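Please model the complete structure; the sequences and the hints are all you need to start from.
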Amino acid sequence: MNKTIRRASVFTLLLVLALLGRATWVQFYDGQALADDTHNRRNVIETYSQPLGNIIVAGEAITGSTRSSGNSDLKYKRTYTDGKLYAAVTGYASQSYAPTQLEGIYQDLLNGTDTRLKTVMDTVTDRRADPGDVVTTIDPAVQKAAYKALGGNKGAAVAMDPKTGKILAVVSTPSYDPSSLTDANTAGTAWKKLNADSDKPLTNRALRQPLPPGSTFKLVVAAAALEDGLYANVDTKTDSPDPYTLPGTTTPLKNENTSAPCEDASIRTALRFSCNNVFGKMAVDLGQDKVRAMAEKFGFNDDKLDVPVRAYTSVYPKDMDKAQTGLSGIGQFDVTATPLQMAMVSAAIANGGKLVSPHMVSQITDSGGDVLKNYDDEASSKEIVSSSTADQLQSAMETVVKDGTGTNALIDGVTVGGKTGTAQHGENNSKTPYAWFTSYGKSDSTGKEVAVAVMVEQSDAARSEVSGNGLAAPVAKAMMEAALK
13 MNKTIRRASV FTLLLVLALL GRATWVQFYD GQALADDTHN RRNVIETYSQ
63 PLGNIIVAGE AITGSTRSSG NSDLKYKRTY TDGKLYAAVT GYASQSYAPT
113 QLEGIYQDLL NGTDTRLKTV MDTVTDRRAD PGDVVTTIDP AVQKAAYKAL
163 GGNKGAAVAM DPKTGKILAV VSTPSYDPSS LTDANTAGTA WKKLNADSDK
213 PLTNRALRQP LPPGSTFKLV VAAAALEDGL YANVDTKTDS PDPYTLPGTT
263 TPLKNENTSA PCEDASIRTA LRFSCNNVFG KMAVDLGQDK VRAMAEKFGF
313 NDDKLDVPVR AYTSVYPKDM DKAQTGLSGI GQFDVTATPL QMAMVSAAIA
363 NGGKLVSPHM VSQITDSGGD VLKNYDDEAS SKEIVSSSTA DQLQSAMETV
413 VKDGTGTNAL IDGVTVGGKT GTAQHGENNS KTPYAWFTSY GKSDSTGKEV
463 AVAVMVEQSD AARSEVSGNG LAAPVAKAMM EAALK
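Quick note: the sequence shown uses this note's numbering, first residue 13, plus one each step.
Just so you know, the hints here were simulated from the structure itself, not pulled from any lab data. In this text the structure is predicted, and so the values were computed from the model without any measurement. Any given hint could be a false lead.
[Claimed, not checked] No farther apart than 35 Å at their CA atoms in a straight line, the calculated lysine-lysine pairs in the DSBU-like style are these: (1) Lys460 <-> Lys330; (2) Lys302 <-> Lys166; (3) Lys160 <-> Lys394; (4) Lys160 <-> Lys385; (5) Lys249 <-> Lys385; (6) Lys334 <-> Lys443; (7) Lys394 <-> Lys175; (8) Lys212 <-> Lys316; (9) Lys414 <-> Lys130; (10) Lys316 <-> Lys175; (11) Lys316 <-> Lys460; (12) Lys166 <-> Lys156; (13) Lys175 <-> Lys497; (14) Lys266 <-> Lys249; (15) Lys414 <-> Lys175; (16) Lys454 <-> Lys385; (17) Lys156 <-> Lys443; (18) Lys394 <-> Lys460; (19) Lys205 <-> Lys266; (20) Lys414 <-> Lys454; (21) Lys414 <-> Lys334; (22) Lys96 <-> Lys130; (23) Lys130 <-> Lys166; (24) Lys212 <-> Lys330; (25) Lys454 <-> Lys497; (26) Lys15 <-> Lys212; (27) Lys394 <-> Lys302.
[Said to hold, decoys possible] Restraint-style ranges between C-beta atoms, simulated for each label pair: (28) Lys96 <-> Asp134: 29 to 39 Å; (29) Ala208 <-> Gly241: 46 to 56 Å; (30) Thr127 <-> Lys96: 44 to 54 Å; (31) Lys460 <-> Lys414: 16 to 26 Å; (32) Lys385 <-> Ser271: 23 to 33 Å.
From the three backbone atoms N, C-alpha and C, an ideal C-beta is built for every residue, glycine too.
Written out as structure tokens, the structure reads:
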């Protein structure tokens, strides 16, 4: 064999070996990555080659699947029953966009690729398993009551059972119809319209939009003061001058009701009249570290709060001066909270000081209804405050509703405790304030309980008429009535 042929043979052999090496690398190392790539249309085709599993509310499916129109290679598309009502719970499963909320978290279960769904025969034949279902804790009566009561307002509401941690309602308004995003032929137009909407209907305000909680945060400060021993009980007079000047400034911390008896007021009276001077001074006296420690026990600064949707972090800030600490005591400065977080505060107080982990999925099941995981059984409980502190706060919150700023939440035959809040918004409070109300209700006849938080971000009410009692408390009342009937 001459030299030229030998060199050509060796070069050809090297090319063959390189080709074999590359093929082996792609098959055994890159194969899974390519299969999982979001741009791999085969995944979408496979996902929508058969109906998806369903999301269940009170035994009824609020999702479904139907045949796609036309000659699409995507045989099925997602459908929703009462889509706007449940959008903050379900999210959407789209042929064009990544799924969100429960649709996204349980994507593998709902499309049949979750390995827990596979039978022995599925494994042998490499057949995709029949999809499973997601069973929620949502109570349709409470969900509907919240959605109806919020009406045309921009806002959100959350309700939960203090004893079990089950989330009974998650509502965000204005809402949107997830069905508009399911079909690849029409999703693009709907997506652009929804994202261009200044009211941001795709935002889940209940779980994922922390805003200043205003005076509802005073419950956290009061809990810190009682637990620390700064004050013996809710009826002990406090050291609270009125007006109270923020330390290091000439700025007085004013009260909304200038005629309220806020000078040296007890915690009960200060919650009843929502006295800013009392809780601003109380936060300064405690110091930011003690207030933060209590806030974090309730769930603030937790960046891994999964219900199972990941809730945005509610924040109690660090590195404040004394004036900023005073403002934090009334839920201002850089304090933020979601309605979920404030519902957790009321739930812990109502439950004797113990917070049961909030969750809005009860079980996930296979196609035959067999339970794959039971979240109700896994719910954990932790003590936030002592039972004596919880009793004290319950008593004071009930005064707020009976004879204070929260009278619009009164319900016959129900013991209701609550706290209103009106949070400043914009530079020098130039924009419409946020109206808050957090509460619990206990049926006098059945013993059933519910904790609620409502936030109204924007309404048609005149600025002077924006208040937690006027806008948010009626929504909370409607939700509590629905939960306790």
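Evaluated hints:
In summary, the hint linking Lys460 to Lys330 is not supported, as the alpha carbons are separated by about 38 Å, beyond the 35 Å threshold. Between Lys302 and Lys166 the CA atoms are separated by roughly 34 Å; this keeps the pair inside 35 Å, and the hint holds. For the proposed pair Lys160 and Lys394, the alpha carbon gap of about 34 Å is at most 35 Å, so the pair holds. Restraint check for Lys160 and Lys385: the C-alpha separation of about 33 Å stays at or below 35 Å, so the hint holds.
Straight-line distance between C-alpha atoms of Lys249 and Lys385 comes to about 51 Å, which puts the hinted pair past the 35 Å bound. Distance hint between Lys334 and Lys443 is fulfilled; the C-alpha atoms sit about 26 Å from each other, no more than 35 Å. Proximity of Lys394 to Lys175 is assessed by CA-CA distance (about 12 Å); at most 35 Å being required, the pair is judged to hold. Of the pairs offered as hints, the one joining Lys212 and Lys316 holds, with about 24 Å between alpha carbons and a cut-off of 35 Å not exceeded.
For the given pair, Lys414 sits about 56 Å from Lys130 by alpha-carbon distance, which is inconsistent with the 35 Å threshold. Distance restraint check for Lys316 and Lys175: the Cα-Cα separation of roughly 22 Å lies within the 35 Å cut-off, and the hinted pair is therefore satisfied. For the hint linking Lys316 to Lys460, the alpha-carbon distance of about 29 Å falls within 35 Å, and the restraint holds. Restraint check: the Cα-Cα separation between Lys166 and Lys156 comes to about 16 Å, which is no more than 35 Å; the hinted pair holds.
With a C-alpha separation of about 17 Å, the suggested pairing of Lys175 with Lys497 holds against the 35 Å cut-off. Using a Cα cut-off of 35 Å, the hinted pair Lys266 and Lys249 holds, with the two alpha carbons roughly 19 Å apart. A distance of roughly 24 Å separates the Cα atoms of Lys414 and Lys175; the hinted pair therefore holds under the 35 Å criterion. Only pairs whose Cα atoms come within 35 Å are accepted, and Lys454 paired with Lys385 is accepted, the gap being roughly 30 Å.
Under the criterion of a C-alpha separation no larger than 35 Å, the hint pairing Lys156 with Lys443 is consistent with the structure, at around 30 Å. Proximity of Lys394 to Lys460 is assessed by CA-CA distance (about 21 Å); at most 35 Å being required, the pair is judged to hold. A threshold of 35 Å between alpha carbons decides the hint, and for Lys205 with Lys266 the separation of about 43 Å lies outside it, so the pair is violated. Among the hinted pairs, Lys414 with Lys454 is consistent with the structure: their alpha-carbon atoms are about 14 Å apart, no more than 35 Å.
Among the hinted pairs, Lys414 with Lys334 is consistent with the structure: their alpha-carbon atoms are about 34 Å apart, no more than 35 Å. Proposed proximity of Lys96 and Lys130 is supported: the alpha carbons are some 33 Å apart, at most 35 Å. Between Lys130 and Lys166, the direct Cα distance comes to roughly 44 Å. Violation of the 35 Å bound is thereby established for this hinted pair. At most 35 Å may separate the alpha-carbon atoms for a hinted pair to count; Lys212 and Lys330 meet this at roughly 30 Å.
Taking the CA atoms of Lys454 and Lys497, the gap is near 11 Å; set against the 35 Å cutoff, the hint holds. For the hint linking Lys15 to Lys212, the alpha-carbon distance of about 74 Å lies beyond 35 Å, and the restraint is violated. Restraint check for Lys394 and Lys302: the C-alpha separation of about 19 Å stays at or below 35 Å, so the hint holds. Between Lys96 and Asp134 the CB atoms are about 36 Å apart, so this pair conforms to the stated range of 29 to 39 Å.
For Ala208 paired with Gly241, a C-beta distance near 54 Å keeps the hint of 46 to 56 Å intact. The supplied range of 44 to 54 Å is broken by Thr127 and Lys96, whose beta-carbon atoms lie about 34 Å from each other. Checked against the given bound of 16 to 26 Å, the beta carbons of Lys460 and Lys414, roughly 20 Å apart, stay inside it. A beta carbon spacing of about 56 Å between Lys385 and Ser271 contradicts the range 23 to 33 Å that was offered as a hint.
In summary, the numbered hints that this structure violates are 1, 5, 9, 19, 23, 26, 30, 32.
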